[in-house]
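In case you want the letters, here they are:
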Amino acid sequence: MYKCLINKNYFIFYIFLFLLLLCYFSLKFGMSNYSFLNIYEAIIKKNLEYENQFIIYDVRLPRLIVGILCGAAFALSGSLLQTVFRNPMAAPDILGINSACSFCILLFSIYLLKDLNLSFLLSSFIGALSGFLIAILASIENKKIYHAKLIIVGIAIGVLFKSLCQFLIMQSDEKQSAFFSFITGTLYLVSWDTVYTIFIPSLLFIIISFFMHKKLDVLLLNEDVSNSIGFQVTKWKIIIIFISLVLASVAVSGCGSLGFVGLISPNISKILFGSFHKLNLIGSALIGAVLTVFSDFLGRILFPPYEIPAGLITIIIGVPYFVYLMKKIKIHI
Amino acid sequence: MFFYSLTVGPLKLSFYQVIDGLFFSSDSIYHRIIFETRLPRSITSFLTGSSLALSGMILQFITKNSLACPSLLGINQGAGFGIVVILALFPFCAIPIYMSFSLLGGVLAAFLIYIITSSIGYSPLRLILAGQAINALFYALTQAILIFLPTRSGVILININGSLSSSSWELLKYHFPVLIICLFFIMLNLKKIHILSLGEQVASSLGLNVKKLILFFLIIVVMMCSFSVSMIGPILFFPLIVNHFSKKIVGENPFILAPAVIIFGANFMLISDIVMRVLFHDKEVAIGLFISILGAPILIFSSKLRKKIISV
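Note that the protein sequences, when read in sequence, are chains A and D. The opening position of the first sequence corresponds to residue 1 in our numbering, with each subsequent residue numbered one higher. The opening position of the second sequence corresponds to residue 1001 in our numbering, with each subsequent residue numbered one higher.
There could be a bad hint or two in this list.
[Unchecked claim] Here are the simulated distance ranges between beta carbons:
id, chain 1, residue 1, chain 2, residue 2, range
1, A, Lys327, D, Ile1095, 32 to 42 Å
2, D, Ile1095, A, Lys237, 55 to 65 Å
3, A, Leu17, D, Ser1118, 32 to 42 Å
4, A, Leu21, D, Phe1301, 48 to 58 Å
5, A, Leu21, D, Leu1089, 31 to 41 Å
6, D, Phe1245, A, Lys28, 52 to 62 Å
7, D, Ser1204, A, Phe13, 54 to 64 Å
8, A, Lys327, D, Phe1255, 34 to 44 Å
9, A, Asn227, D, Phe1301, 33 to 43 Å
10, A, Gly274, D, Ser1119, 23 to 33 Å
11, D, Lys1211, A, Leu17, 27 to 37 Å
12, D, Glu1252, A, Leu133, 29 to 39 Å
13, D, Val1210, A, Ile12, 25 to 35 Å
14, D, Ile1097, A, Phe303, 17 to 27 Å
[What the hints assert, rightly or not] From the derived model, a few chain A residues whose C-beta atoms are all more than 10 Å from chain D:
id, residue
15, Ile15
16, Phe25
17, Ile65
18, Leu203
19, Asp217
20, Val218
21, Tyr306
It should be emphasised that the hints constitute simulated quantities derived from the structure, not laboratory data. C-beta: ideal position from N, C-alpha, C; glycine also.
Taking the hints into account, I'd like the entire structure generated from these sequences.
Laid out in structure tokens, this is it:
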């Protein structure tokens, strides 16, 4: 037992090391490559005179930070939702929350500001809340939520909001491509402003969700059992869903809706770390961050003059895993 | 509806003018407008509406799943991907090549669906989830290709969202015969579809080769979908909406349902085209958006009605 625990701790350490390595690579490579010394000077010494320091400090570093935070936030949001619904398929993008968020952000930025401004945490959260409420209300039947139906309804809502987004994009002729890459999810539009807006809320809620691990363990129990030990199931379910919605909406306002990150990373982490949430949550946040940074990095270096949005890469990675997941899960569907 | 769609446009015409332009005066401006732009558009929407709807119906009968629909299974998106590939490689290719690439994309998607469902086991929800995965995959690939063509992406964007604006006699010349033959063929074979929907045992005891027959119908479905897509782009949810309503109205007997689906599909496509043209008369808004905004609630409702099927 003890050995097993140590092994799992090591796993987290390995993933963390891998993330650090990935950060270094993503700062180093790109359209132009830099040495370690350059990166050191740009970030630690803030020696910003040269052109290359500008690229490292003002372009690549904020992308990296937002990528790590948003990936972790998506993954945690997926973990929380999966535990609450006891359904390994639940994730913010499958339930249509992501596209509802991006619809609200687009609506606000097109009609109120006439510019793509991603600092609308509030509008994004309104979107998340409304998407989630529609999904829940449509899938409730006899005061019960059917897992299968929740997923179908989520897919329908996702398609609905996605086409509403495209409708809005077609209405706004200028900046079409920027809007368009926003709904597929990209880190291209990130600047220090984005970091300033999402840094505090995302870090705060990531830490809060780490503190929820005992509650989440109890939620995995049978409902009668947890009621009998004096645990208010409904109250905690609502609180946890609220946290996961906030996480998803912060992440969407940071980098658009990255498909499948919220679905894959909790599942991988469950395989690696078991279903106890203390390690599981940290692992899933780290895996989400790795996945996001890796897809962004890949999209940048694959075809140098062009840039493939990270969201497309996560979809291409995610679909085979999704199919594998369906094969593995025999229950409920 | 057909005649009404001829009167609507940037220049509104009366019924009299339409009839006059269509049949009598051959050199007036009405004649030019109707004959060059509106008539092919109306015929296209009529044709694609009915064939998409009918292919949805066949899929629903074969899979015995009232949520099956070529767009939810990714066939439409696959055909759209084929089109984008060929447009990226050769912007000005001949129409038969264009059609065959769209067919190739559709076949690829159908093949993927077949592999996935046969490896994970069949159930209505699994089928749809697999279809969604394939949809997402082809969507991502299509977008990735579009990134490399920044100059033409606007046109292709409208195209892949489903639009009737590109319809012309040139396209119709090749698609019309194929689609009409497919439609007639299915109308002649309705009895076999009916038997298939009763279950494999009944069908094989009546002397039908079930596997061959299903494969055969699937090929026709994929053909009809891909050719419709190569004319108007992948339209989501359309077959689902049409089948849902026609089943409510005329019941589930395929002999009555098929003509109803065809007529309803054609009408619905014409109506949505007219609505989009009237609402946004100064620019071209993709009709696919309108239909998917309409279709999502219907998907939710039909999953609500078919609780028994889904919750198994």
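Do the hints match the structure? See the list:
no. : hint                             : verdict
1   : A:Lys327 / D:Ile1095: 32 to 42 Å : 40 Å, holds
2   : D:Ile1095 / A:Lys237: 55 to 65 Å : 57 Å, holds
3   : A:Leu17 / D:Ser1118: 32 to 42 Å  : 41 Å, holds
4   : A:Leu21 / D:Phe1301: 48 to 58 Å  : 50 Å, holds
5   : A:Leu21 / D:Leu1089: 31 to 41 Å  : 38 Å, holds
6   : D:Phe1245 / A:Lys28: 52 to 62 Å  : 58 Å, holds
7   : D:Ser1204 / A:Phe13: 54 to 64 Å  : 60 Å, holds
8   : A:Lys327 / D:Phe1255: 34 to 44 Å : 39 Å, holds
9   : A:Asn227 / D:Phe1301: 33 to 43 Å : 34 Å, holds
10  : A:Gly274 / D:Ser1119: 23 to 33 Å : 27 Å, holds
11  : D:Lys1211 / A:Leu17: 27 to 37 Å  : 53 Å, violated
12  : D:Glu1252 / A:Leu133: 29 to 39 Å : 34 Å, holds
13  : D:Val1210 / A:Ile12: 25 to 35 Å  : 53 Å, violated
14  : D:Ile1097 / A:Phe303: 17 to 27 Å : 26 Å, holds
15  : Ile15                            : 26 Å, holds
16  : Phe25                            : 22 Å, holds
17  : Ile65                            : 25 Å, holds
18  : Leu203                           : 30 Å, holds
19  : Asp217                           : 28 Å, holds
20  : Val218                           : 27 Å, holds
21  : Tyr306                           : 6 Å, violated
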